[in-house]
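Using the sequences and the accompanying hints, generate a full structural model.
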Amino acid sequence: MHGVATAPAAAADGTAATAAHIDALVATYGAASLNVAAVLCDDHDPSAIAFTFVDVDTDGALTHHDLTFGDLADKSARFATGLASMGIGEGDRVGVLMSKREELIVALLAIWRLGAVHVPLFTAFATPAIEMRVTAAAARVVVVDSDQRPKLEGIDGIAVVETGPGFDAMVAENEPLASSVAVGGDGIIVQLFTSGTTGRPKGVPVPARALASFVAYMTYGLDVREDDVFWNAADPGWAYGLYYAILGPMAMGRRSLMLHAGFTPAVTSAVMTTFGVTNFAAAPTVYRSLSKDPSVGGLSLRRASSAGEPLTPDVLVWGEKALGVTVRDHYGQTEHGMVIVNGWHDDVRADVIPGSMGTPLPGFAAGVIDGQIAFDVAGSPLMWFDGYLDDPDKTAERFTEDRAWYLTGDAGRVEDGSYFFSARNDDVIIMAGYRIGPFDIESVLVEHPSVIDVAVVGQPDDIRGEVVEAYVVLAPGTEGSAELETELQQLVKTKFAAHAYPRTVHFVDALPKTPSGKIQRFLLRRKR
Numbered sequence: 260m261h262g263v264a265t266a267p268a269a270a271a272d273g274t275a276a277t278a279a280h281i282d283a284l285v286a287t288y289g290a291a292s293l294n295v296a297a298v299l300c301d302d303h304d305p306s307a308i309a310f311t312f313v314d315v316d317t318d319g320a321l322t323h324h325d326l327t328f329g330d331l332a333d334k335s336a337r338f339a340t341g342l343a344s345m346g347i348g349e350g351d352r353v354g355v356l357m358s359k360r361e362e363l364i365v366a367l368l369a370i371w372r373l374g375a376v377h378v379p380l381f382t383a384f385a386t387p388a389i390e391m392r393v394t395a396a397a398a399r400v401v402v403v404d405s406d407q408r409p410k411l412e413g414i415d416g417i418a419v420v421e422t423g424p425g426f427d428a429m430v431a432e433n434e435p436l437a438s439s440v441a442v443g444g445d446g447i448i449v450q451l452f453t454s455g456t457t458g459r460p461k462g463v464p465v466p467a468r469a470l471a472s473f474v475a476y477m478t479y480g481l482d483v484r485e486d487d488v489f490w491n492a493a494d495p496g497w498a499y500g501l502y503y504a505i506l507g508p509m510a511m512g513r514r515s516l517m518l519h520a521g522f523t524p525a526v527t528s529a530v531m532t533t534f535g536v537t538n539f540a541a542a543p544t545v546y547r548s549l550s551k552d553p554s555v556g557g558l559s560l561r562r563a564s565s566a567g568e569p570l571t572p573d574v575l576v577w578g579e580k581a582l583g584v585t586v587r588d589h590y591g592q593t594e595h596g597m598v599i600v601n602g603w604h605d606d607v608r609a610d611v612i613p614g615s616m617g618t619p620l621p622g623f624a625a626g627v628i629d630g631q632i633a634f635d636v637a638g639s640p641l642m643w644f645d646g647y648l649d650d651p652d653k654t655a656e657r658f659t660e661d662r663a664w665y666l667t668g669d670a671g672r673v674e675d676g677s678y679f680f681s682a683r684n685d686d687v688i689i690m691a692g693y694r695i696g697p698f699d700i701e702s703v704l705v706e707h708p709s710v711i712d713v714a715v716v717g718q719p720d721d722i723r724g725e726v727v728e729a730y731v732v733l734a735p736g737t738e739g740s741a742e743l744e745t746e747l748q749q750l751v752k753t754k755f756a757a758h759a760y761p762r763t764v765h766f767v768d769a770l771p772k773t774p775s776g777k778i779q780r781f782l783l784r785r786k787r
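Sequence positions in the sequence shown follow the numbering used here and run 260 to 787.
Some hints could be false.
[As the list claims (entries may be wrong)] In silico BS3-like pairs for lysine-lysine, Cα to Cα no more than 27 Å straight-line:
id, residue 1, residue 2
1, Lys754, Lys551
2, Lys551, Lys772
3, Lys551, Lys580
4, Lys772, Lys786
5, Lys777, Lys754
By construction, these hints were calculated from the structure, which means they are not laboratory data.
The structure is reproduced here in C-alpha cells:
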C-alpha cells in the first residue's frame, strides 16, 4: 500500500465557470462519436489561419507563409487518400520524421483522418533511436523530410513517403478522402515515447480525450486568447511541442507560429518583433540563452511561459526587464501534459513564488506521496494516462497499489498549496544524511555571468555516501580555471549552503540532454 500523503489532494482554485468549462471539455473530447479531424480542423472557419511557417533565407532575412484551415483540410484529405492506398487505416501506426514545416501538419491531420496513429520521430535522433521507436510501435509507414531520409536506411518492414515530388504528388493527384474516421475519445491518436532519462524509453499511448487537458492548459496555463500571436518554440518531436504547438492550438482554432530555422537568440528576437508575438512558450534553455545575449531586450510580451526543467531565479528577473513580463514556470510529463502551473488566466493567476511550479491545473488534483509529487486519479477528470505500451511492470510503478494515485517519480513538496520541484527521485543527492536537490545548486551557479548552462549530480564518496559535482558550460571566450572553480564553489557556499558546494567543477562544452531539453544526469554520473 502507498504511504500517507504529506499534503491532502488539492484541486486548483477556480470559479464555477471554470469547473463547468472543464466538465464541458471532458464531455466534448471524451465523446464516443469524436471525430479528431473535425475538432482539429474541419469545424473551424476555413479562411482562418491555422499556422504561419517562418524561415530564414540565405541573406538572413525572415520569410513566411500562412496555411489556412481550409487549405489544410483539402491537402490533408488528399494526402489521407494516398496513405489509404498504401494500406493505412484505423489503428495503424505511422512514423513522422519531419521538421516544423507545412508538410508535417498536412501529414499529421491526414493520419488522424484515417483513424491512424502518429508516432513522433525527433529529427535529432540517430538511426538506432528511430528504429527502436518504429519497431516498438510497429509502424508500417514513415513520412520523412528528404534530408532525414538516410536515417531510415537499414530499417526493414516500412514504406517511406519522402517530402518533395513524392509527397507533393500524393496531395495533387488524389481526390480528397470522402469522410474521416471517428475514433471516439478513447481512440489512440499518438504513440509517444518518454525521453528515457532513466532507461529505455517507454511507450505512451495518447487518446483523443487528452485534447481536453491540452485545451485546458492552453486556456488556464498559457492564457492563449483569440487576439494573441502565439508562439510555442518547442519542437513537435516531443510532448510539449506536439501537445501545445500543434494539437492544442488546432483544437482551439488559434494560429500557431512554426519556425523552421534553427534557434539563435537573434532569430528568436526577430520573430517576436516581426510578427508581434504576444504569447510565448519555450524551454528554460531558450530563456537562459536569450538572457545571456545582451542584444535581446526591449520586447513587450503579454504572456511568457516555460516548461521542461525548473526555471532559475535569474530568468525571472531578466524576463521582467527584457520581455516586459515575468516568465511563468509550468510542470508536466509526457504521460499527462502540463499539470501544475503558474497559470496566466484570470481565474487561476496568482503572484509567482520564486522556485514554485504553481498549483494544479483545473481538472487535476495533486498531493505528495512518500516525497513524490502525485495526482489523485479520481479527483483528476482531465487525467488520460492509463499505462505504458506493453509494459505492465513499469505501469505498476507509476501508480499506488490501489491505483488511487499516480506517482510522477519526481521529488517535491507543497507549501500553502504551491508546489516545488526538487528533483527526479534518481537525481536526489544524499550526502551525509542530507537530501540535496540539484536544482537548488544549479540555480545559484547559473547566476554567475560566465555560466551558460549547468548540471549538478551526486558521485559516490566513501565517507559521505555522495558528494556534489557540477558540470558547467561557460560563455564563449571564457576558459575554465582553478580560480573560477573556487569562485563557483564559494558562490554556492554563500548563496545556498556551505555543505552543498560542488567538490569538483567540470568545465564542459555541452551537457547531455534529451530531445525535450531535459538534462541526462545519469550520463554525467557515469563519467567517473
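Do the hints match the structure? See the list:
Between the alpha carbons of lysine 754 and lysine 551 the distance comes to roughly 21 Å, so the proposed pair stays at or under 27 Å and holds. Straight-line distance between C-alpha atoms of lysine 551 and lysine 772 comes to about 20 Å, which keeps the hinted pair within the 27 Å bound. The straight-line distance between the Cα atoms of lysine 551 and lysine 580 is roughly 13 Å, inside the 27 Å bound, and the hint therefore holds. Proximity of lysine 772 to lysine 786 is assessed by CA-CA distance (about 15 Å); at most 27 Å being required, the pair is judged to hold.
For the hint linking lysine 777 to lysine 754, the alpha-carbon distance of about 25 Å falls within 27 Å, and the restraint holds.
Consistency note: the structure conflicts with none of the earlier hints.
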